[in-house]
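Undergrad: So you can see what is in the structure, the chains are spelled out below.
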Amino acid sequence: MILAPEPDLGTPAVPGDPTLSVTVDGQPVHVAPGTSVLRAAGLAGVPIPRLCATDSLAAFGSCRLCLVEIDGVKGTPASCTTPCVDGMSVATRTPQVDALRRGVMELYLSDHPQDCPGCARGSCEVQRLAAEVGVAEVRYGLGGASHVDDAGDQTNPYFAYDPAACIVCSRCVRACGEVQGTFALTVAGRGFDSRITPGGTNFLSSECVSCGACVQACPTSALEEKAVIELGMPTRAVVTTCAYCGVGCSFRAEVQGEGADTQVVRMVPWKEGRANEGHSCVKGRFAFGYAAHPDRQRHPMVRDRIDEPWRRVSWDEAIARVAAGFRDIQARHGVGAIGGISSSRCTNEDVYVVQKMVRAAFGNNNIDTCARVCHSPTGYGLNQAFGTSAGTQDFESADHADVFLVIGANPTDAHPVFGSRLKRRVRAGAQLIVADPRRIDLVRSAHVEAAYHLPVRPGTNVAFVNALAHVVVTEGLIDRAFLAARCENVEPYLQFIAGPEHSPEATEQITGIPASDVRAAARLYAAGPASAIYYGLGVTEHSQGSTMVMGMANLAMLCGMLGRPGVGVNPLRGQNNVQGSCDMGSFPHELPGYRHVSIPEVRHLYEDLWGVTLQAEPGLRIPNMFDSAISGSFRGLFVQGEDIAQSDPNTQHVHAALEAMELVVVQDLFLNETARFAHVFLPGTTFLEKDGTFTNAERRLGRVRPVFPSVVGKDEWQVACEIATAMGYPMSYAHPREIMAEIAATTPTFAGVSLDRLDAQGSMQWPVRDDSSMGTPIMHVDEFVRGRGKLTETVYVPTTERTTRRFPLILTTGRILSQYNVGAQTRRTPNSTWHPADVLEIHASDAEVRGVHSGDVVELTSRVGSTTLRAVISERMPPGVVYTTFHHPVTGANVVTTDNSDWATNCPEYKVTAVQVTVATALEHTRGVEARAAAVVAP
Amino acid sequence: MTAGRTTVYVPGDAAAVSVGADDVAAALGRHPELDLVRTGSRGMLWLEPLVEVDSERGRIGLSAFAPDGTMLSAETLLSIGSAAATAPAVGEHAAYSLGVGRVEDHPFLARQTRVTCARLGIVDPTSEQDYAAHGGWVGLRRALTMAPAAVVEEVVSSGLRGRGGAGFPTGLKWRTVAGAEPGLRFVCANADEGDSGTFADRMLMEGDPFALLEGMAICAWAVGATEGFIYVRSEYPHAIAAMRKAIAAARAAGWLGTHVHGSALSFDVEVRVGAGAYICGEETSMLESLEGRRGEVRAKPPIPALSGLFGRPTVVNNVLTLATVPAILADGGERYAAHGTDRSRGTQAFQLGGNVRHGGLVELDFGITVRELVEDIGGGTRSGRPIRAVQVGGPLGAYLPAKLLDVPLTYEAMAEAGFMLGHGGVVVFDDTVDLGRMARFAMEFCAKESCGKCTPCRIGSQRGVETLDRILADRAHPGPAHAAGLSLLTDLCTTMERGSLCAMGGLTPMPVRSALTHFPEDFGLDSAATPGGRP
Amino acid sequence: MTGVAPVVRLSGDVARQFAHLPVEQAVEAVATHLSRFWEPRMLRDLVSRVQADEPGIDPLVGRTVRERLAADPGPTDRRA
Amino acid sequence: MTGTRDERVREIVTRYAAHRGPLLPALHAVQEDLGWIDRDDAAVIADVLNLSKADVHGVVTFYADFRDAAATRHTVSVCRGEACQAVGGQELYERSVSRFATIDDVTVTEVFCLGNCALGPSAQLDGRLHGRLSDDRVSALTQGWS
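Note that the protein sequences, when read in sequence, are chains A, B, C and D. According to the numbering used here, the first sequence holds residues 7 to 945 in order. According to the numbering used here, the second sequence holds residues 9 to 543 in order. According to the numbering used here, the third sequence holds residues 190 to 269 in order. According to the numbering used here, the fourth sequence holds residues 4 to 149 in order.
Worth flagging that the hints you see were computed from the coordinates, not collected in a lab. Keep in mind that a hint or two might mislead.
If you want a taste of the chain A side facing chain B, the calculated C-beta under 10 Å gives, among others [stated by the list, open to error]: (1) Arg-70; (2) Gln-102; (3) Tyr-114; (4) Asp-117; (5) Gly-150.
Derived EDC-like pairs (lysine to aspartate or glutamate); straight-line CA-CA distance at most 16 Å [said to hold, decoys possible]: (6) Lys-232(A) x Asp-159(A); (7) Lys-720(A) x Glu-695(A); (8) Lys-456(B) x Glu-113(D); (9) Lys-720(A) x Glu-323(A); (10) Lys-720(A) x Asp-322(A); (11) Lys-253(B) x Asp-138(B); (12) Lys-253(B) x Asp-276(B); (13) Lys-456(B) x Asp-199(A); (14) Lys-456(B) x Asp-68(D).
We put the CB at the ideal spot given by N, CA and C, even for glycine.
Bound-form chain A, shown alone:
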């Protein structure tokens, strides 16, 4: 059985009304102006053979199979490159056209293996089309020049290149350029010698980022997943949502087998997915192997003390142990002595149940989520300014932006599919301003160049955004009508920001950005006409993260850049379900839908439904839990899908807190760092086993469908229900759709959401206020959710983390393309081929004065700790700033990060740590790093 491919109309859809009438082989069809004859034919139900055309790429016109005859038109034009004209009459199957197609197919077959395995696998369109157009023999014979003996390339861990099967249609080359924007592929040579190559080297050594777009575009088996070569073609597909970053790409999980015997062959980006439109990155496309990794834990385990070995137990025993332990702690230390941490990796339904367990069964509000440590300032800041804790736009809005202001985000690494969209728009002419201490790829990479790179010194974002706003205000670039009609606190804010202390000239000493660049960037942003702000953790993970979010909101309001396509203030969410886990009431002060626990009517809604009395006071945030654990008032923790011992700052402090607790319950896929401190380990499920929804950074609820049943026997939401039940608060649902029904019934912004609707109608973007709507792609169109947008005086308060003679450098942290967060998933895949270890990037001058050379092992020391890793001298770094990733537990980047946090939300200040870097001469350091690196590289 061969899995049906997704429909392909040959050339991209053209926006506009179908005002043209065309007939194709007598079939009438109406299309928008600019639509190709090829697409019109497909729409008319008369598909035309072609090999070089696919609807994800601009028409190219090279394969010459889609030739047609058109009344009144000379010759046999290619239908892919011929636009429809009103009244056109097209014939796709005339004797002349049929003969030409046979002639062309015969040429293809004369340079194509006769026994190509691509055919046997059913992944090649050449032989299929040969049969379709009626080529029975190759009269040229097989003795002529050919490429069937060309050597293949197996260097990419996930896909192989077999040039013998290649028909040089350039779909891969074009996909790499047009879709992905990397331009790693080209045709080399010319004429008959034209061959596809990753720039004259092999794939692994090339610029290829392994996004899979080329594999996706290839009509033959020339570029094919190694899994398909090994396992054969998949037999069925399940459409689901990726569990990596906050872009939330839709994929078809293409599998073989049924039930527990299901084997995932490949993940194929789904063209209908609105977040990704058929594109993917190396993580979502290929790095799913962790789900079947031997490290995966499949059984509950318990132990009495953390220095004892684990003991495998039944689910019942484990759950009973958890319930009894928590109740015992509460009996001895009070209701508030336990709490839970929900995961942004889990579904909305999972998260909702966990927070319900905490609020209803634990009886307190000590529920927090890992969004605490990434985007909690977004929730606070955007809620303050606009009245809702979410980005304002859908991703598609970026296609309408004239100016991008990207602050503290590195989309090409951390949100690659959105990064590709952004680069595409920049190549089409949009201007780009990048504010980031590092020269990230967006600043300048093939065919993309930012108009301004503003290397803002870590920790000074607020001074920077205030300077932008100052320019806009003092140079008269503000949108007065917008401010008058839509905003409040306008005059006090204008007066505040016009103060000379906010001028670019005054802030230059603080931010390190030349005043002239700030002025120019501000003018560019204000000029628009559509200017959009995209930001990431470089904004939020600061002691003033929340202030910065409000500062960006101020800037957008000043220039009227809200409530229409191409504008807005948009967080790029780190994890797949950061948005959803926040929406679901995972913060200790908020019930689902961002409603404060102190609001009686909201509380009563849930009290009536759940049959409990809810606490009206906020609970503990994650760092508060740690502090309280150390002080003794917090003794039991349920933590799901977050490795707090690795990912939270000031590792020693976290470890001390965990060690201080009586009962730590960890639910995860793997025995992670936190599990070292756990007393009960509950195995979790991967997204491939989950059923429910994720909500991405554009508030889009995407369906997560189980590809195979839970390998641990239970779903996360079931486990939470059973713990609650065992604690004396019965909780049960038959299916996640019942959980979503409860969410919809209690949360106005989700009123129209149901799994049935998502299944039937596709993804939707909250707010979805009723069953007739698919939601709200762009928010705050006519008015803000809070009524008037609020301008806030954003005072720049420097972080207390200062460089000194002892710690003269600033450490900032981030992600790399091939790895994801603490690496729990990606390190268990061949993605480590690209990034086997974390390295410290350092500017050449900082390296020189310390005697550091690229490749040296260095000691990185802050006020709270030190670690060792290899240094790389990098032109991306500004002097005075060093950078590392935190994908590998061995690096322990958080050993050096501090307790500093955002004043409003306690989001850790990961992005600013004063450090010193010294060459680690001690042999054991070097040996240690090498041993760890070797351990990581080993599969």
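Assemble chains B, C and D onto chain A, guided by the hints.
TA: Here is chains B, C and D on its own, set in the frame of chain A:
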């Protein structure tokens, strides 16, 4: 001309230099009484190096190339020259060598109508003043007094069609660009003259470069362009140097740059050098190359006039087309249209090459027949053997058999006969030619020079070579395989003609088919029933 | 790091954000923020440290605690 | 040594960075100044011109003029265009190939038209155009080519 001094002219044209013109110039340059001027070539290439000496009778020509194939010394040249200057040489025209007499009286030139090439071989191509003294800049001066739209209409009325081969009406193209999306626009001169048998673009750039610049400036004014590129093939180093010098001189004289001679026109030109790719003569491939990419052909639409260089509205015209424009603006479109016939208006610069006795540049009104051109003007073959075939229109043009040489050289007549005029290259072959080998060469050329984008051209040309190899191997003893090969070749030609993306793949079958049709015996077929057998 | 209690450090972070305001407004802002986001036992901890005049407490925090938070505010709607 | 070449390539290419579509002129300049375009030059050229390395590789390999190693001391480019074939160009090409086949520092290449179609057969010897060529003439012109 200074009293007591004599001016001598020696072409600096690449063809003349290829047969020793630089040596001649160096020798003459050592005579202090002589003022040496390097010009372009008159186009009587078989006479090169053709030295001209100023006299009271005008410029007297002397070929430094002796009939025995040796080169004459400077002294010999000067003695013949002075004799020729004082008393007309006897039989000089009949001799067709050595003493040529008054150059413009030479019958090869006298019967020509020089419009586009009027200054060739006469002016100093490095001298902007010389250009001005010979009627240069008159067209541009007049154009700048006219509304751009009126300039376009003047060109429309001239009936000028693209001389690069496709013959698209130039004025209509300009009109399209003038009406396209506002903003940045370009004028591109296609000087990637890769067709074997053609060299007029090269001669014009080397001999009268300002004419091209003037034509481009007029075009820029007409269509609202501000930047121009001349894409010259790297095989033409002399032309590249000549154009670069001319651009600098024209800038210095205010004919290029901002506010050309105080007008509203701001326009500048840059020479871009190709890198050894025939396909870059195809206009969309040339645009790709100018953008710094592989010279892969673009599908049309969109047409370059609307979306050309860097996606902007762009005029792409051949060198001769643009170099004709100054004359049209100077003298009026009507006057130009008075030349020629039917829809082939004006003059065409034919290029006579290959095995021809009097090879060179022949500018004539459209309408002369191939036979008149190669026999009357060209003097038959250089080898003295009978003409067997004439290839008209470059490597993608048809091979005409001797019997079919009475076709008039116009766009219409050639098309009607199943041939094409192309860029006006006419290559003569004598009876030793093997049209089977030439057909194979056509395929081989395509296989090597195809951009590789479309399948019929990329794979088809290679299969064409292989199929022809089998046919030719069997031609002495044709059997069923031979017949099958010919049938396959015919199918392949159809696939390439109708299926290819651009004219390269689409026209490569033309020389093949014409050879097969008119010279079947060269493919092992019976010649009795066919018209083009060996004479 | 220092031996400063977490609630002292965290309250200081909040106070510094509002230090530019006239003092009555600053007190209001700090009080609102703390009561909206802080868990009661943290607030109680802070109150007791202020009442004990522990060193390192931001003066604005001290004033806010004394004027607004020392008495238990009880369950109020803090949706703000 | 590599660093030196990189720096020179960067310096050369930077001169063209502000041009429209600068790659071809830049490649010509690199080859002119440094003799050839090295595979490793692609990274530097791509960096200066904001292209990908693959872009540069694709362009370099498309055009016959660009070479990835030093040229031999002498070059013979014989025209194989039809006009020269009509007067013996093909034979001249074939004989040139065999004549220099054993001489290491001479490269014989084919070229399709040098624009000298009335004065064939033509060839470029060390880059200089010659017309009316014969075997004898080629012998005379290449005397001393080891």
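Undergrad: With reference to the structure, classify each hint as holding or not holding.
TA: A quick look at each hint next to the structure:
The closest approach between the C-beta of Arg-70(A) and any C-beta of chain B is roughly 4 Å, which is under the 10 Å cut-off, so the hint is satisfied. With 10 Å as the threshold, the beta carbon of Gln-102(A) comes within range of chain B, its nearest partner Cβ sitting at about 7 Å, so the hint holds. Taken as an interface hint, Tyr-114(A) checks out: its beta carbon lies about 6 Å from the nearest beta carbon of chain B, inside 10 Å. A hinted interface residue such as Asp-117(A) counts as satisfied when its beta carbon comes closer than 10 Å to some beta carbon of chain B; here the least separation is about 6 Å, so the hint holds.
For Gly-150(A), the interface hint holds, since its Cβ comes within 10 Å of a Cβ in chain B; the closest pair sits about 4 Å apart. Taking the CA atoms of Lys-232(A) and Asp-159(A), the gap is near 11 Å; set against the 16 Å cutoff, the hint holds. Proposed proximity of Lys-720(A) and Glu-695(A) is supported: the alpha carbons are some 10 Å apart, at most 16 Å. Among the hinted pairs, Lys-456(B) with Glu-113(D) is consistent with the structure: their alpha-carbon atoms are about 11 Å apart, no more than 16 Å.
Taken as a hint, the Lys-720(A) and Glu-323(A) pair is honoured in the structure, with Cα atoms around 14 Å apart against an allowance of 16 Å. Proposed proximity of Lys-720(A) and Asp-322(A) is supported: the alpha carbons are some 11 Å apart, at most 16 Å. Annotation: proposed proximity of Lys-253(B) to Asp-138(B) holds, straight-line Cα distance about 14 Å (limit 16 Å). Restraint check for Lys-253(B) and Asp-276(B): the C-alpha separation of about 14 Å stays at or below 16 Å, so the hint holds.
Proximity of Lys-456(B) to Asp-199(A) is assessed by CA-CA distance (about 8 Å); at most 16 Å being required, the pair is judged to hold. With a CA separation close to 14 Å, the supplied pair Lys-456(B) and Asp-68(D) stays within the 16 Å bound.
Violated hints for the displayed structure: none, as all numbered hints are satisfied.
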